[in-house]
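*Asks:* Model the full assembly from the supplied sequences, consistent with the hints where possible.
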Amino acid sequence: MKRIALFPGSFDPFTKGHEDIVLRGLTLFDEIIVAIGFNSSKSVRYFEIEFMIDRINTTFKDYPNIKVATFSELTAEFARRNGARYLLRGLRNTTDFEYENSIAQVNRYLNEELESVFLITSPQFASISSSIIREVHRYQGDVSSFLPYKL
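Its first residue numbered 1, the sequence shown is counted upward by one per residue in my numbering.
No lab work stands behind these hints, which were simulated from the structure alone.
Here are the simulated lysine-lysine pairs, DSS-like style, with alpha carbons at most 25 angstroms apart: (1) K67 <-> K150; (2) K61 <-> K2; (3) K61 <-> K150; (4) K2 <-> K67; (5) K16 <-> K67; (6) K61 <-> K16; (7) K150 <-> K16.
Being a predicted model, the structure only gives us computed values, none of them experimental.
*Replies:* Have a look at this one:
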């Protein structure tokens with residue numbers, strides 16, 4: 001049976017930390033779907049979804065087992081419809097763990113076949129967050145060292 005993992009997030013933007021989690025996830029899974037979701041707690045995206053799809057596809061152009069998709073439904077349902085039995089998530093710190101643990105419990109309740117797999121962020125990426133990158137970019141700061149693609 002093919003092991004398919006879903007790596008969901010708003011990815012606004014997709015960072016080198018995200019890239020690292022996906023590439024490390026390939027050692028565990030046959031296929032990874034990078035799923036750009038609509039986050040109901042964020043009213044407006046900083047980077048357009050189409051722009052992110054293009055950048056993520058470019059980042060993984062040499063990896064046919066990494067796909068990019070968008071969704072606007074429950075993560076557990078999107079995983080079911082796409083044959084993903086695993087949710088891949090990265091943890092930078094204990095705050096991330098508390099947040100992700102709660103989400104994992106709900107996703108497991110909604111789809112009992114869905115298992116969350118957590119990877120600890122590599123040290124060089126632990127301080128990177130999409131919100132910090134957006135803020136630096138908003139004020140014309142150089143964010144190139146945080147992103148696996150050119151803006």
